[in-house]
Amino acid sequence: MKNKYLFPLILFLLAVVLPFIVPEFWVHVLTEILIMGLFAASFNMIFGYMGQLTFGHAAYYGVGAYTTGLLMVKANVPLLLCLPLSMLSAGLCAAVLGYFCVKLRGIYFAILTMAFGQLVYYIIFQWYSFTGGDNGLQGIVPPDFLGRAANPYYFFTLIVVAIGMIALWIISASPFGYTMRAIRDNAERTEFIGINVQRYMHLNFIIAAMFAGLAGALWGPFNRSVAPDLCSWQHSGMPVFMTVMGGPFNFLGPLIGSAIYTMLMAFVTSFTEYWPMVSGIVIILVVLIMPGGLLGLLGDKLPFLRQNEHSTKETNG
Amino acid sequence: MDITSLFTQFLSGLTYGTILFLVAAGLSLIFGVMNILNFAHAALWLMGAYFSYTFWSWMQGNSFAFWLSIPLAGLAAAAVGWVMEVVLIKRIYKRELYEQLLITYCIALIISDTIKLTWGVTNKLIVRPEMIRKPVFIFGAPLDSYFIFVILAGAAVAIGLWWFLKYTRYGHIVKAAVYSREMVGALGIPIPRIDTWVFTLGIFLAGFAGGIQAPIGSITLGMDTAIIIQAFCVVVIGGFGSLLGTLVGSLIVGEVFSFTILFWPEGAMVLIFVITAAILIVRPWGLFGTPMRT
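Here the protein sequences come in this chain order: E and C.
Residue 24 in my numbering sits at position 24 of the first sequence, and the numbers go up by one each step.
Residue 9 in my numbering sits at position 9 of the second sequence, and the numbers go up by one each step.
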């Protein structure tokens with residue numbers, strides 16, 4: 001039982017110590033890892049725990065990013081207030097769009113989430129007067145108490161992401177989380193024991209979108225700007241990549257995947273512009289050679305990484 | 001808004017719809033038979049456009065260069081598609097949905113970068129022969145004379161595919177495989193070989209569509225990312241695996257886009273996604289598809 005907290009604790013300590021050792025460039029990379037890690041973990045609430053593939057999760061990330069961006073640029077709202085508001089707006093979007101998504105399963109779920117994602121993308125892209133269209137929004141800066149250096153914003157991100165991850169962990173380990181697993185493993189039987197599957201899925205969709213919105217809210221001040229590309233279907237592919245790399249059947253898998261993916265990207269893009277090709281080859285190899293992701297592979301060898309739940313693959317029908 | 005300009009808009013929608021049909025027909029065929037949603041389809045379409053540019057520049061000066069490069073582009077893309085199927089796609093038919101999507105998505109990334117490596121980042125332009133440089137007038141509405149060829153080629157492909165599916169033995173096998181792969185296999189027909197050829201045919205159509213697209217404007221990197229999603233919309237609206245559905249779906253998307261852009265330019269793409277989402281919610285199997293067996 002004690003082992004369960006060992007691995008996250010090691011990761012957290014590593015995250016606290018690393019920025020003092022590595023050069024500033026890598027502190028930025030670490031910040032990105034955390035933000036994308038939270039994004040991927042929120043995606044995995046739908047993918048790993050609910051068994052549905054969403055290809056439009058970036059829409060909620062983007063809505064969160066734009067909520068914070070707009071509030072900060074146009075209304076000077078403090079960042080700490082923007083974060084919950086971003087969660088709220090992303091959650092509201094998901095409440096509307098998710099209502100329809102959860103009626104579908106499998107490939108139809110994937111395509112509908114993608115269609116809604118593109119819908120959000122084009123609305124933001126075309127609405128020049130409000131969102132700045134394809135110019136995006138510039139001049140989103142972290143609040144004064146964090147200064148302009150890399151480290152303070154990194155630690156701010158670390159705290160927010162840690163709180164977000166703990167919240168997601170509590171949700172996934174709650175009866176609600178186990179209901180989601182039941183729905184993943186067999187939706188029909190879950191329905192038979194009197195659970196309103198669609199309502200539970202809808203709720204989970206909203207929760208996942210809220211945390212994606214939180215991750216998005218952190219992105220604007222980090223990057224100093226937001227752009228419509230944050231909502232595009234290509235960006236929706238990122239959490240899929242990360243989760244598959246890290247391992248969808250482990251709670252920390254998406255975060256680990258984000259670390260691998262982001263570091264690999266930072267490393268590869270430093271000497272070639274052909275990052276998409278490299279990432280494509282890497283992910284094809286991951287899918288073909290280690291379908292459980294890195295943590296799935298290591299989990300077989302190192303017991304302390306393994307979660308105490310049985311993490312079998314979803315069964316069809 | 002007079003009738004002539006509406007007719008012009010109709011013709012441009014028809015052209016756009018034809019291009020979408022050529023891309024989506026292969027996509028729908030591949031999904032129908034193998035249940036694989038091929039993200040790499042538009043990347044191969046773009047590669048077809050570049051192939052057509054290369055063949056055209058090799059044969060430059062010949063009067064037939066322009067016309068010959070289009071089917072050759074289809075064949076070259078089909079060769080790439082064949083390799084792709086045999087090396088990678090074959091391994092993932094029995095895998096999970098997300099693995100299939102990821103693999104084809106990654107192939108799309110690899111192909112896009114291969115295009116960038118092979119043809120560079122500068123835009124490519126195919127110079128049209130004299131006879132199709134001037135617009136023609138149909139009921140007073142000006143139409144790019146090449147568009148007539150595009151529409152005719154699309155119609156020819158639609159009729160050809162329809163004939164293939166309805167009257168040939170292989171067409172019957174493909175149609176049966178859309179309905180039940182297991183049953184077709186049980187009858188002693190080698191499903192893996194059918195898969196390979198259906199995939200290759202689908203990619204041939206993509207490459208051919210790329211060849212047709214090439215002379216319309218200049219060929220640029222990244223053209224594929226927008227069209228793949230629209231092709232998905234077409235297939236969703238029409239119904240996976242249905243040729244008629246794909247035809248109707250692409251005409252709907254083409255015309256809706258073309259007319260909305262006239263009255264409400266910002267909303268053109270938005271409306272297409274609204275229609276797609278509405279179809280998915282009300283009739284997930286599309287207008288002409290049949291409910292999926294799971």
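In case anyone wonders, no lab produced these hints; they're calculated from the structure.
Please read these numbers as outputs of a predicted model, since none were measured by experiment.
The C-beta atom is built at its ideal place from N, Cα and C for all residues, glycine as well.
Just so you know, not all the hints are guaranteed correct.
Said to hold, decoys possible - Beta-carbon label-pair distances, calculated as ranges: (1) E/Arg189 / C/Arg95: 41 to 51 angstroms; (2) E/Val16 / C/Gly267: 27 to 37 angstroms; (3) C/Ala186 / E/Lys103: 27 to 37 angstroms; (4) C/Ile132 / E/Asp185: 53 to 63 angstroms; (5) E/Phe12 / C/Thr290: 30 to 40 angstroms; (6) C/Lys94 / E/Pro84: 43 to 53 angstroms; (7) C/Thr290 / E/Ile163: 40 to 50 angstroms; (8) E/Ser174 / C/Phe10: 50 to 60 angstroms; (9) C/Arg283 / E/Leu85: 32 to 42 angstroms; (10) E/Ala95 / C/Thr225: 24 to 34 angstroms.
These are the hints, each one checked on the structure:
1. E/Arg189 / C/Arg95: 41 to 51 angstroms: Violated - the Cβ-Cβ distance for arginine 189 of chain E and arginine 95 of chain C, about 24 angstroms, lies outside 41 to 51 angstroms.
2. E/Val16 / C/Gly267: 27 to 37 angstroms: At roughly 49 angstroms between Cβ atoms, glycine 267 of chain C and valine 16 of chain E fall outside 27 to 37 angstroms, so the hint is violated.
3. C/Ala186 / E/Lys103: 27 to 37 angstroms: At roughly 34 angstroms between Cβ atoms, lysine 103 of chain E and alanine 186 of chain C fall inside 27 to 37 angstroms, so the hint holds.
4. C/Ile132 / E/Asp185: 53 to 63 angstroms: Holds, at about 59 angstroms.
5. E/Phe12 / C/Thr290: 30 to 40 angstroms: violated, 52 angstroms
6. C/Lys94 / E/Pro84: 43 to 53 angstroms: Holds - the Cβ-Cβ distance for lysine 94 of chain C and proline 84 of chain E, about 45 angstroms, lies within 43 to 53 angstroms.
7. C/Thr290 / E/Ile163: 40 to 50 angstroms: Holds: the Cβ-Cβ distance is about 48 angstroms, inside 40 to 50 angstroms.
8. E/Ser174 / C/Phe10: 50 to 60 angstroms: Hint holds: Cβ distance 56 angstroms, inside 50 to 60 angstroms.
9. C/Arg283 / E/Leu85: 32 to 42 angstroms: Holds - the Cβ-Cβ distance for arginine 283 of chain C and leucine 85 of chain E, about 37 angstroms, lies within 32 to 42 angstroms.
10. E/Ala95 / C/Thr225: 24 to 34 angstroms: holds, 29 angstroms
Hints 1, 2 and 5, counting from the list given before, are not met by this structure.
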